[in-house]
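Number of protein chains: 2
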Amino acid sequence: MAPRLNEASPDQSLYTTIRRYSTGYDHPDYSCIFVHAGAGYHSTENEQKHLRACRNACQAAMAALKAGGTSTDAVEIAIRVLEDDPVTNCGYGSNLNFDGVVEADASIMDSFGRTGAIGATPQIQNPISLARLILERSSQPMTLKRVPPNFVVGEGAVDYAREQRFPVISNESIVAHSARIRFSKWQKEIEYQEIMKRRGKGMDRSRTTDFPLLGASTRPIQEAGSALPPPTRELPGTPQLLEQKFDLVTDTVGAISIDRYGNMAAGSSSGGIGMKQPGRVGPAALIGVGTFVKDRGERQVGTVVSGTGEHMLHTLISSQAVNRIYDATDELEAMKRVINDDFMGSQGYGKANIWGEPAIGIMSVKAENLTAGKRLISFVFGHNTDSFALASMTSTDTAPKTIMSRVSREPKLAVGGSSRLVQMQMKVNPEEKPKKDKTSKRLGRHDKKYHVSQAFKSEKKAPLVSGLEGLHLDNRDGESSEPSSSDSNKTDCGGCPIEFSDEEAKV
Amino acid sequence: MAPRLNEASPDQSLYTTIRRYSTGYDHPDYSCIFVHAGAGYHSTENEQKHLRACRNACQAAMAALKAGGTSTDAVEIAIRVLEDDPVTNCGYGSNLNFDGVVEADASIMDSFGRTGAIGATPQIQNPISLARLILERSSQPMTLKRVPPNFVVGEGAVDYAREQRFPVISNESIVAHSARIRFSKWQKEIEYQEIMKRRGKGMDRSRTTDFPLLGASTRPIQEAGSALPPPTRELPGTPQLLEQKFDLVTDTVGAISIDRYGNMAAGSSSGGIGMKQPGRVGPAALIGVGTFVKDRGERQVGTVVSGTGEHMLHTLISSQAVNRIYDATDELEAMKRVINDDFMGSQGYGKANIWGEPAIGIMSVKAENLTAGKRLISFVFGHNTDSFALASMTSTDTAPKTIMSRVSREPKLAVGGSSRLVQMQMKVNPEEKPKKDKTSKRLGRHDKKYHVSQAFKSEKKAPLVSGLEGLHLDNRDGESSEPSSSDSNKTDCGGCPIEFSDEEAKV
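Same order as they appear, the protein sequences are chains A and B.
Residue numbering for the first sequence follows full-length UniProt numbering, starting at 1 and increasing by one per position.
Residue numbering for the second sequence follows full-length UniProt numbering, starting at 1 and increasing by one per position.
Treat the hints as calculated values from the structure; they're not laboratory data.
Built from N, CA and C at the ideal position, the CB exists for glycine as well.
Among the hints, a few may not be true.
In silico contact screen, one side only, chain B against chain A (beta carbon under 8 Å); selected entries [said to hold, decoys possible]:
hint	residue
1	T115
2	S319
3	I354
If you want the ones that stay clear, here's a sample from chain B, every Cβ over 12 Å from chain A, calculated [claimed, not checked]:
hint	residue
4	K49
5	R114
6	Q125
7	H177
8	S178
9	H311
10	T329
11	R337
12	T371
Throw the hints in and build the complete structure from the sequences for me.
Spelled out as structure tokens, the structure:
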């Protein structure tokens, strides 16, 4: 098992000795968690199931953070909750591969550049915990002083887990009823294709792409539901069985956290494409593709990604998003460029010519130390899929905020985000004299940028947070996103997806 | 089998329709190949074996290029030659993992952003060819229209190979005698450690790191030889068996090619760390870490990397090198920054705290279209290991050039490179009118930068190359690199590693 909160974490010393808050300010009580449950198509009928999973993940992670847990603890715990929920395509309830086996991808990365990842690994109920264990062990030699790996795959990862006394279970224990049903339908679809092929009818794209295999999806992404192409319309004469609709398209999940020590972590987990090639590794296992964190001390950005994996690898899309947002003064514009230019525009000379239609959802968190002990935390997301399920919770929130961001009009692109200013405390014995307060000038930029809906409150000398609302949602070329969860509040700044309300910020 | 030259390659149309030379100029006869046989420590005794392997790789690849092969063909063929040579740690002769099995990592990427990779894959004699097959198949749906993967690992990759009728052989067929001897010694070392442990003596770092397991290496890198820590000095009382020296430290190999169509490809292949964790995936399998190509039409950069894999993942080092060199006006300085800042400086807040000592060798090729049909091709490398084995061959060379770049003084860092100007031909029916020749001004920069040793020749109207020598080697803080191969010529520009001599360029 990965080190749990109540055990002595081997790297606890790392987190408590290398503290970000070394600028004369401190804030022992501020932490936050952000999660997503995949980009794709979430039916309105099942929307609440996805958002409930996100809420539960936030609450569990926040409990850990408030108990002194690290950002890696929080990311692991949030993703464990999502993995244990059969509604998500990770852990229990993952898609099955072509052989009917769950093969998990997961990765985690922290502020210190430490990473842990597993790919195409069977028999693991909580892939993120095995990835996290690999991260923890990466700073210590293995038995007999062998080099500790940071990426282990397939049966080798199962052996590694056994060697580390990490639970290994049977495949059947991870296969959810819903996953089994999806698999059976895909198998029947394939049998039908084979029959058609033998009759000389099937296997031409015009015919096979028309199967309403994922009928409920107006634009499912391959990563999410199936390795088979998306349906475009129903054909007359489709076999009875195949007319049943799937209500949900599930996908890679991810989480980003900042802990009270000021450190960041990000992680992803996925069961991958349904009916995938056994051994196929997707972006959720790949540092720089599905998960990335960049931290240079005064500024840090984490990104997790969901979408059509085979289009992501050559774009190193999470690292690209991190770099753009790290340097950006306008994070929403940066997110648009990542999706439109870096991802959809591909990187190659001409187009990459990779089979299938690309689609993506990206979630990023950026934290910057400003002057006078102010710390600006910005949350940015973007997607060109039908929907993207997100949630957040900070240590000053009483409940998680959730959003199902939706867009349906072509060309599909939605970006959104929010930001919060955290006022840090003076340290008892500040080693470095705080500089003059130049924050108001600095914030003026954000004020403009984010269509701030509420005026700044006067800064407090008291511990916690002086509220800043910087909220914005830009559904350029798309429909306005409607917060559909009961606990996601809409404000006057244009369909804010996740609100940090000022009242709660004062708690 | 991956598509061979004499077969109709499924993407031949891609290469011939999307031609780089669409600016009014053409150059059907210019192509080049660059290979490395790893960064680490190569004993002077065995230096010629490594360089011979590199020469053979260059010659085979150039034959393919001259026959109209693409850059992916050339990279695949060059690496196949290195894989088939037992002196290298890839293909036949790879290190064995902890269970005595060869598990291969390989990746390939082209100008179009297409990728193919396998990780921790047993029973494959030529891992690069399976990776290349995955690349080729990435633009076509699999059987039953499943999404084609671009990264397959472990036993799943073996199944994939079988399904694609790619040769799968027994593990024993890939295990070279030398690899078996290394494995046996490591096993005995481990047994010795276990005996010591039982006696309460071993397992402390001070003792075990002193074993002269890789005795010939003054600074072996873990990736190269062993998962065990490098020796620092010999202890008295070392068991007799362990006193035998290994003469060579082998490592990841790589190749970069530009074909007559102006397209680039890069690839890597490795057997990984000796005694590695089964299932461990190293950088040679990872796009962005071990292999990367960026191509925006007028400019293209490819990079392949060799070194301590576990330190590379979080730095995405090949992608980082590509980006720096792409933007650089001084490529050698860019290479220094990649090694010193991006790799050795790590990226995390504080240091990444990954076990072991980082070491790296990087090889990059950059091609830029200048005005008036001139094309500048620059070759840059750097390493902070004891040695780095490299070779190159262009279509105008009569024989490959090789170099064993060495550095021994601390702090170890060697960078070097060369550049060549290719004069393109006017097309018969140029669609675009060539602009006025501003090249001389542009070249002035390179003239300065690269300590150019020979004056430019006047441009020729005849097809081929007008020679430019831009050669430089900067062994800052290190010893001067001595070209030690019989066919690597030293020039007057300060220890030039690989010379493009003007006489040969005129051929």
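Taking the hints in turn, this is what the structure says about them:
no. : hint : result
1   : T115 : holds (5 Å)
2   : S319 : holds (6 Å)
3   : I354 : holds (5 Å)
4   : K49  : holds (26 Å)
5   : R114 : violated (6 Å)
6   : Q125 : holds (18 Å)
7   : H177 : holds (23 Å)
8   : S178 : holds (21 Å)
9   : H311 : violated (9 Å)
10  : T329 : holds (20 Å)
11  : R337 : holds (15 Å)
12  : T371 : holds (19 Å)
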